[in-house]
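Asks: Chains as they are written, first to last, in the numbering used here: chain U, 455 to 915; chain X, 41 to 341.
Be aware that one or more of the hints could be misleading.
[What the hints assert, rightly or not] Cβ pair distances, simulated, as ranges:
(1) Pro775/U x Pro261/X: 43 to 49 Å
(2) Val714/U x Gln208/X: 46 to 52 Å
(3) Arg581/U x Gln280/X: 34 to 40 Å
(4) Leu163/X x Ala595/U: 17 to 23 Å
(5) Lys262/X x Ser616/U: 44 to 50 Å
(6) Gly143/X x Ala691/U: 36 to 42 Å
(7) Gly908/U x Lys212/X: 42 to 48 Å
(8) Asn545/U x Ala204/X: 35 to 41 Å
(9) Gln280/X x Gly583/U: 35 to 41 Å
(10) Pro628/U x Ala230/X: 35 to 41 Å
(11) Glu865/U x Pro261/X: 27 to 33 Å
(12) Gln341/X x Asp721/U: 37 to 43 Å
(13) Arg304/X x Lys914/U: 55 to 61 Å
(14) Gly143/X x Gly583/U: 48 to 54 Å
[Said to hold, decoys possible] If you want the ones that stay clear, here's a sample from chain X, every Cβ over 10 Å from chain U, calculated:
(15) Lys84
(16) Val87
(17) Thr91
(18) Ser108
(19) Gly126
(20) Gln133
(21) Pro138
(22) Pro145
(23) Glu202
(24) Ala213
(25) Ala270
(26) Gln282
(27) Asn308
Because the hints were derived from the structure by calculation, they are not lab data.
Virtual Cβ for every residue (Gly too), placed ideally from N, Cα, C.
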Amino acid sequence: MPKFIWLPGALALALSMPFPVWAASDADLAEIREQIRQLKESYEARIQALEQKLKDAESAKSAAAAATPATPPVPATLPASSTASGIAAFNPAISAVLQGRYANLSQDPSKFAISGFAPGGEIGPGRRGFSLGESEFAISANVDHLFAGNLIVSLTPENTVSVEEAYGIYTAAPYGLVPKFGRFFSGLGYMNEQHQHAWDFIDAPLAYQAFLGGQYANDGLQVKWVAPTDQFLEFGAEVGNGDNFPGSVRNKNGAGSGVVYAHTGGDIGASHSWRAGLSYLQTRAQDRQYSQLDLAGNNAQVGFNGTSHVGIADFVWKYAPNGNALQTNFKLQGEYFWRRESGDFTYDVDGALGLTSTSAYTARQSGWYLQGIYQFMPYWRVGARYDRLDPGHVDYGANAAYLDSPAFHPERATLMVDYTPSEFSRIRLQYGQSKTQAGMTDNQLFLQYILTLGAHGAHKF
Amino acid sequence: MKSNLQCLLAMLALAWIGPAAAALSVFATVPEWGALAEELGGDKVKVYTATNPLQDPHHVEAKPSLISRARGADLVVATGAELEIGWLPLVIQQAGNPKVQAGKPGYFEAAQQVPILDKPARLDRAEGDVHAAGDPHIQTDPRNIARVAGALAARLAELDPENAAYYQTRYKAFAERWSAAVARWEKEAAPLRGVAIVVQHKAFTYLIAWLGLKEVAALEPKPGVEPTTAHLSEVLATVQRQPVKMVIRAAYQSDRASQWIAERAKINAVVLPFTVAGDDAAKDLFGLFDDTVQRLLKGLQ
């Protein structure tokens, strides 16, 4: 069969067009147009001839197939696989996520705080008015017969670039082990591993914001092991540098954080499936500073040095009639967080008030959220979420002279409705009433879009 | 110390492999390949089927139960051609089972064994849920089942050489019965040749090509997009212009759009089992096509 050798030539011609046209007279233009027309006609004729040939061959083949119904297996030379050639054939899966939103917030977002909880990471409702969300760019592929790789870069609306995840997976490990290394979202809890655009609400639960600074990522190593049982049983362990909240950057050779978790789950009949898990994170913070209102009403700079232990219990239950989630389905999800921090606490670190004092410190705090999402007809879902934090018990030691143990319970109630016309787009309206500081209610209204282009995403449970 | 560790690991490995050798554990993504593996493997295989006939095999999540089953599998039998793209790669990656990674003998794709139809000329998501590799619903043509059976029997023999003769014998018996059945179905279905039909989702390309049916319209405006009132009205107009006999859909699809058009155009709404166990009569692969042909013939009346 003749090759389409003329194609590169036609392309080259098309590419070179702008230059001669620049200085061409009308007569030249007409001549060039005529040449192109002739070229086009001749190629169209050739393509038609080729198509006819192909058609003839196909009909001959299908006639032959009809004559011998149960044909023996044909060799695997008629594959569904891509026939792209050369270097392009090895292109990885590439996708991009575009997001944007409109926010109407009754309280000034720059004054956002969760009272009684040390701030860290990315917290708060974000800016008012129109804004771009994080644009995400993802590349993934098998590296070779031993490794798979994944890179997810986030472009922020402030025009900065951050590496959200960049990890390798060793795919040839025996005994059901899955080692992962690089930068990745930790496998603790249920929501932590999901990217923000896959969440059912525009923002993270308050517990994630208060205890993990939004989402916990680490640079390090993870090993997961799935037990060889019919009941799903998964165990995971991670070590990392522990740079992120509730830890902090420390100049240290060893591991800065450790995570262990266990997940189990399965199906109940054809319509129900579930997963539940327990996770534990231990990390250390060094000179973790923030500003806090003291008993005298001053904004004092305070600092914490010590150990942070976070425990999470999570569950998710999904229902779809006969397992067919297309028409209607329901999802219930909840997580309970618990954190103990102990170490040294310094009041007035910068000496601005002239009262610098360091004392022993212990805090035991907890929080939880519960959310339900119901798809009541194809494309349309409604959801409700309730968040609550317990300031628990904070022992400031000698610093109790300056600081009060928190008593306020931050809480938030959220409703949302979203429209998902395809697997690749979603538009969401969300309303929340957030009470994260005593005497302040923030009425939050969001309108958000999420568009995914490129490679087909994974349907994560 | 090191040799002790190696010894321990080797013992562990042996302990692991020991019981697994009893029967080949097969993870089939859809019921038709589960049924085929059972036909060919008999009591030498233990088959787990990941989806049921009332599920759209594309819209499945990487559920915990699927990960744990893929963990213990010796062979994954998938359709391929992007049908399971949303969940199977993730399940295999999370299961930590090197045997069933793509490219290994423990990973089998049925669509690689048959000529694929409907490869889109224009690859653009504006066209709906198009499959870049072509239509993956290959199981609606029984001649494809025969093609896949040959390759799958060879794969079973490759993975379990001890029982190679057993698989070959079963394959020969199956192929013989199957080819007789195909001849019978083709004879029975002769009145269907050239009959104009409407489909709900473009999922019957292979069935239509096999029986010589004529697809005049689809209820979905674009593949995978739910029927809209405006589009249904257009289809109704098309149907009223020509002698369409029936509208067909798979068991997992909602019946609303089919019923709507059937009532107004006075044509039959036919539900096809689409896969094994899609209805009570489609108990196995033979039953699947017995029932499919019977239901289509009934739709003629």
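Asks: Broken hints, numbered, in rising order?
Replies: Hint check: 1, 3, 5, 6, 9, 10, 11, 13, 17, 18, 19, 20 and 21 fail, others pass.
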